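Work out the full structure: start from the sequences and follow the hints.
Chain order of the listed sequences is F and C.
Each residue of the first sequence is one higher than the one before, counting from 49 in my numbering.
Each residue of the second sequence is one higher than the one before, counting from 382 in my numbering.
Note that these hints are calculated values from the structure, not bench results.
Nothing false has been slipped in among the hints.
Here are the in silico distance ranges between beta carbons for each label pair:
1) C:623 to F:182: 40 to 46 Å
2) C:619 to F:102: 53 to 59 Å
3) F:323 to C:400: 21 to 27 Å
4) F:319 to C:595: 57 to 63 Å
5) F:102 to C:623: 49 to 55 Å
6) F:92 to C:594: 23 to 29 Å
7) C:508 to F:151: 18 to 24 Å
8) C:411 to F:323: 33 to 39 Å
9) C:647 to F:163: 48 to 54 Å
10) F:57 to C:421: 28 to 34 Å
11) C:424 to F:87: 44 to 50 Å
12) F:93 to C:400: 52 to 58 Å
13) C:415 to F:151: 18 to 24 Å
14) F:87 to C:542: 55 to 61 Å
Among chain F residues calculated to face chain C with C-beta under 8 Å, some are:
15) 139
16) 147
17) 152
18) 177
19) 327
Fair warning: this is a prediction, and the values are worked out from it, not measured in the lab.
Using N, Cα and C, we set each Cβ at its ideal position, and we do this for glycine too.
Here is what each chain is made of, one letter per residue.
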Amino acid sequence: MGPSDLFAPAVHVAVDDVHVHYRTPSTDAALRRGMPRWQRGLNRVVGREPTAVVRALAGVSLVARAGDAVGIVGLNGSGKSTLLRVIAGLETPHRGQVRARSMPILLGVNAAMLPELSGEQNVRLGCLAMGMTPAEADAAYPVALEVAGIGSSIHRPMKTYSSGMGARLKFAIATAADPQILLIDEALATGDAAFRERSEERMDLLRKSAGCVFLVSHAAKTIEETCTRAIWLHRGHVVIDGPAFDVAQMYRWWAWNLAKGETATAASLLKDACEQGADTRVVFSPADEFSAPPRHARA
Amino acid sequence: MSTTTTDAVAPTRSTRTEVIDGATLGPVTRRPALSDYFSLVWGRRHFIFADARARMLSGTRGTLLGTAWLVLRPVLDAAVYLVVFGLVLHASRGIENFLGYLVIGTFMFQFTIRCLNAGAQSLISGKALMKSFAFPRAALPITAVLREVLSYGPVLCAMVVLVLVLPPGPVLSWRWLLVPGVLVLQVVFCFGLALLVARPTARVPDLQHVITFVSRFWFYGSAVFFSFDRFIELPTILRVIELNPMFQVLDITRDCLLYGVTPQVSSWLVLAAWAVGTASLGFVFFWRGEERYGSL
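Below you can see the structure in the form of structure tokens.
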């Protein structure tokens, strides 16, 4: 796309060459062998494991416009959830930047909030955490209660909830803020059929009101059914970014081959997909006043 | 995942350039200017209050006596020091109304220690909230201290009752009205303390253990259960001790509540300087790390 589509829908989210890596403990024996002897000894004494650098995102760029429902597919550990957290502004990328028209709201799986508190208190606290006034939070409560649809369980502590009930409540809280940009991390997978339908309705509503939705799932079928566009992530790279149906089909075929042990076929499928895909380069105009040099160079 | 070795970038990929009007989009993670950050935190005051209250109510669940421990703990501490230092080592010699002296020392010092520990823990225990919502992270240590303030109300009442009841009893005077002033300064100081320790402890959790040790030194250096006047003759060392903010908190409170003595202006100045200095330094220090708390 270029300057020709002046009438394209408004851009909601622009992700520009985002890199994220983590240092994590690793029990990999090869890592241990590679270390100097003194360090191995020290690690043994303090009971620490060697650390490995995991590149969660290695240069991801994408643009999401009004009315987009962007599905993100990929294997476990391909960087899907990290990408959502970065878009939500909960994590700062080591390189690159994310810009958005309004504050995105993330609905995550492990958003346990405060398990000791009742669902009702969690709704209120969540609303206040997103910056609502007490009056707005009170007004949002009946809506959230209706979206969650968990009846009188709302008065029980959240730690007594089943995972499906927890997901419903989180979804209700996230939509209570009426966000223009909603990020959903695998939450739909745990709900039952009735809840799924209701949340899909809610997502459609959001898209029609010129918002945009991101949905992460490793179930390509969910993406195919609910999204307009899909992005396949593999090891922190974008493989392909295109219409939901096509991308989800390619991904499913590849993942099926992988699961069946057809590694050669899978590898060639991935290669094909890569060749079909394109890299996105994001250019901000006018020249960016926000762009910062890479963080490690600043210190 | 070891089945495929090709990394996703193939040489034949085309590049699609998207030109975006940067003026309509704002960055999602950027450390706001200090003044904006302050008003952001202020904007979340309702959240901070609701969170502190909710955590206060849920915090003592799981023990039989619940909130009663908040009062029992310093009372039992005081009893230990009474036996060891008062009866065995005679540290009480020369201290007028030793029981009241001890009660004020243990109760007031415990508050600061609880704030310090809660502040150090705040980012670690707030991980789930940080992963769900984008709010200014300073809300977490502030909430931690506020929670201690809320739960300390009844404890302070218990302290005053004990001071009144324990023999030989305090000197009642207008100076009792000065006590809220000390408390305010102590709370401001604690806010700063929590903000200061939250950031490094989140990076290096080992600091929690270090803090325990440092606070023990601090405890012995604040004249909680003995008086320095008896042990130290050199006036310069005494001056150094008087720079300790917790020593001043305890000293001023005892002067007002127990002895009916008007505290010196210099004591107030030292304490106020500590409170304002620590709070501002803590806020700026915490703010400078704002972008990184999410990736802990």
